[in-house]
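**Q** Using the sequences provided together with the hints, build the complete structure.
Chains as they are written, first to last, in numbering that gives the first Met the number 0: chain A, 0 to 399; chain B, 0 to 54; chain C, 0 to 396.
Think of the hints as simulated: they come from the structure by calculation, not from any bench. Incorrect hints may appear among the rest.
[Unchecked claim] Straight-line distance between alpha carbons at most 25 Å, and here's what the computed DSS-like set of lysine-lysine pairs gives:
(1) A:Lys220 x A:Lys237
(2) A:Lys348 x A:Lys309
(3) C:Lys345 x C:Lys358
(4) B:Lys47 x A:Lys237
(5) B:Lys47 x A:Lys233
(6) A:Lys393 x A:Lys348
(7) A:Lys220 x B:Lys47
(8) A:Lys309 x A:Lys168
(9) A:Lys378 x A:Lys393
(10) A:Lys233 x A:Lys220
(11) A:Lys393 x A:Lys309
(12) C:Lys85 x B:Lys47
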Amino acid sequence: MSALKTGNPLFRPWAVLAGGILGLAALVWAARIVGRIDLHPNSVRFHPMIAPDSQYEPTMAEMRAFVRARCRPDQILVIVGGNSILLGVGQPADRVWSGKLQELLGDRYAVVNLAFRGSCPTDGGALVAESLRDEFPRQIYLANVAPLQAFDTIGIETYRFILFDAYYKGLLVDWPPRTGDIRDYLADPPHRAARRERDLAARADAWLRFRDFWNWWSATKFFTFATPYQPDIKLAYKPRASFRDQETDYDTLPFEQRFSPANVAADTVIARANSSAGYTRSATGDWELNRNHYDNFLRLATRMFPDPLKPRTLILVGRNSPFYTERFEPELRERDELAIRETILAWEKIGCAAMDFGPGFAVADFGDRTHLTTSGGVKLAAATAPHIRALADKLGYLTP
Amino acid sequence: MPTALHKFWSALPAPVAGLLAHLGSVAIGLFAAFVLYYVLYRIGLPSKPFIYVAF
Amino acid sequence: MIFTTYWFFAFTAITLAVYWLLPLPTLRWWFLAVACTVFHGHFAGPAGMAPILVLMVITYAAGLSRRRWACVAGIVVCALTLCFYKYALFFIGVAIEPVSTAYAAQLTDATKKLMPGAPPLGISFFAFEFVHYLYEVRRGGDPIRHPVKFLLFSVFFPSLVAGPIKRYSQFLASLETGCRTPVAGNFSEGMRRIAIGFVKKVAIADNLTFYIDLHQPQFAALGLFERWVLVACIALRILFDFSGYTDIAIGTAKLFGVDLPENFNWPYFARNIQDFWQRWHISLSSWIRDYIYIPLGGNRHGPVRRVTNLLIAFGLCGLWHGPAWNFVIWGIYHGVGLAICATYEKLPAVGPAISAIFKKEPLVGWVLTQLFVWLGWLLFFYPVAEALEMARLLFGL
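**A** Below, the structure is given as structure tokens:
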């Protein structure tokens, strides 16, 4: 079995060990070089085949290179974070809302879409923007929330690999609430073993950069493992660059025919509950803010972004499709409007900018309860562009 | 080592054989490093457990 | 799991460095014993460690006493513990449920209350190593007196979860020699084996698993050729998965200067079933031979007894893999194969003729053996009815 036992003269132990060390050093060096390459030059966003949806985990280096390839140093960087609504689910790549926003803002700005499905405002896009704060000091970060909705500093579980990647590579500002949340997250007894794995992975990767190297390999050269959820089995063994952004328009069917009655009923319940936790009806019939809920929201929201980064953060408060809201009783609509106004005020109080998607959306602008169609995307871009310009002006980005 | 290879090996001048042995061994080391590097990446993604661990 | 965790890599790197930095072999044993205990605790948790610890103490004490009755009692305790944790629910389902469903339900509830969520990690391997130890001591072998050495034999981390199943005398001899001084050859050989093991697992077995999971649910819709390709993938997957695991275990042990027994020797080159079992999961098949087949009488009492012994030994070998009928039937299937292999030459007229063919055309023996083994994997991986249906479809029936 062993070359040693059989006295194989081909086997020189010290040379093997030297080869091992040399090989590892060469790979780490290579990873640092390929980590600077834009791996997705033809993509406008991290579509499902280059996202965790298909077990592909973009690294910080990869997303930073993605941004650098799309933003010149003289441009104002606009990073779009948030979830599938801002990713542009239901909008083909060539008509995605962030592309329209770029058109409206013009060459002075560079809009880069780093939203992910099921993600939250403190996930990937926020961390990439934060990590580029010195390289692109003139930056604006956008993300979406629902009325009176806030998130943990450490985001959503699916995307925490990005947080740990950024954290252990020293790319983030010191933000004590986040450091505390990371510590609590790792120490939580029922999940300690699994979370320690994540922690160790990120610590090891901070030194060895294996994820940068293998993402480069799997994106451009050859598969690193059979790609799951691929549209065609033959593509399972191809590099990720072989996969196109396959987002399509929503069905041309009328809204109510796109979904089963059960789905519509379930979404109606969700839409009606949109701001229900935030308000109670007083004896006089007015909506009164539920202080506990509001304080909890405000506490979380205040911790979400590091203080120095709040002024350049623009929060977009989303709405449900009018297909649902138009059927509401007037008082329910009134409650939702109150919640949106209160949310915007709260974010402004915290130090961020905030805006409402706006009431000007028609049923045709929504693909489902929350996601926008191409026409909805155009409207969102039109609503957002003036806020970005105003914020850029306020932050002094427009003065040479 | 197979007999034919052994004969070939024995016929080589000692310095050449030594150099080849060292180069071959370095190649084994490089291969091990490459595999380790891949494994470190792969185990961070969802993967199948070893079958016999369940027994 | 286990080997495919960052924790394993970090643990091994730190343990290895400290182990070799310690100046004395005795200190290395002590340190390694503590480290292995930490490793066991990390993966098994307190609930998984407790029963193993109890078994360990009983086995150590019984061995130390050198009394035959104590060793037999220890063996019984090990076997009962294994049966309780791994097979209690299965036995209730098989033996009690047909008689009284209500009583079986009561018994199931009571058993579940006594059990942790899952059987203690690696209990099948612990039990077999302890039984081996006690059996050998009962036969007059020297017991392990030093508790640290016994602890190391019990929880040596590279082989803790899925073997190879060690023999204590070889293990301790190897540990005592190997821990004296670091040898560059051991590191390079260990590194090479670990690398090969991971290639087998992550580059080959996991990709085969992807292919199998994708196509097996549509087995009936596949063409005949694709069905055979799938069976080949199933056969290669289990080989690469398990031999990969073994390579990593052996390679990791080698870094500490310890030689673990080999488990595989090109099993798909075997030319008969007996040959196959001398090449496949060798540490298990030799354990079954030494501690079940031979004690039952082996081949010493005529062909009928020999066949019976083979069926019992391999039925138990199948059951060892898990509390399910498909494993039992897979074991008996191989028992039947071995019985035929051991006796067919004695058949009047036909036997010598078949034997002559195998000797003249070894390829025939190889094809039949592999066909037998590969079809057997269907029983190993799928419920019996599904496996039989797949086998039927393979022959276009």
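**Q** Given the hint that Lys348 of chain A pairs with Lys309 of chain A, test it: the Cα-Cα distance must not exceed 25 Å.
**A** With a Cα-Cα distance of about 11 Å, the restraint between Lys348 of chain A and Lys309 of chain A holds, given a limit of 25 Å.
**Q** What's the verdict on Lys47 of chain B and Lys233 of chain A, does the C-alpha distance respect the 25 Å limit or exceed it?
**A** holds (21 Å)
**Q** Decide if the proposed pair is consistent with the structure: Lys233 of chain A and Lys220 of chain A, CA atoms, cutoff 25 Å inclusive.
**A** Measuring from Cα to Cα gives roughly 16 Å; hence the hint holds.
**Q** Could you grab the alpha-carbon distance between Lys393 of chain A and Lys348 of chain A and see if it respects the 25 Å cut-off?
**A** holds (16 Å)
**Q** Starting from Lys220 of chain A, check that the Cα of Lys47 of chain B is at most 25 Å away, please.
**A** holds (24 Å)
**Q** Taking 25 Å as the top limit, are the C-alpha atoms of Lys220 of chain A and Lys237 of chain A close enough?
**A** holds (8 Å)
**Q** Could you grab the alpha-carbon distance between Lys47 of chain B and Lys237 of chain A and see if it respects the 25 Å cut-off?
**A** holds (21 Å)
**Q** When you check the alpha-carbon spacing of Lys85 of chain C and Lys47 of chain B, does it fall within 25 Å?
**A** Holds: Lys85 of chain C and Lys47 of chain B sit about 22 Å apart, inside 25 Å.
**Q** Compare the distance between the alpha carbons of Lys378 of chain A and Lys393 of chain A with 25 Å, and conclude whether the hinted pair is satisfied.
**A** holds (24 Å)
**Q** Straight-line Cα separation of Lys393 of chain A and Lys309 of chain A no greater than 25 Å?
**A** holds (13 Å)
**Q** Would the pair Lys345 of chain C and Lys358 of chain C pass a check requiring their Cα atoms to be no farther apart than 25 Å?
**A** holds (16 Å)
**Q** Within 25 Å, alpha carbon to alpha carbon, are Lys309 of chain A and Lys168 of chain A?
**A** holds (22 Å)
Hint compliance for this structure: no hint is broken.
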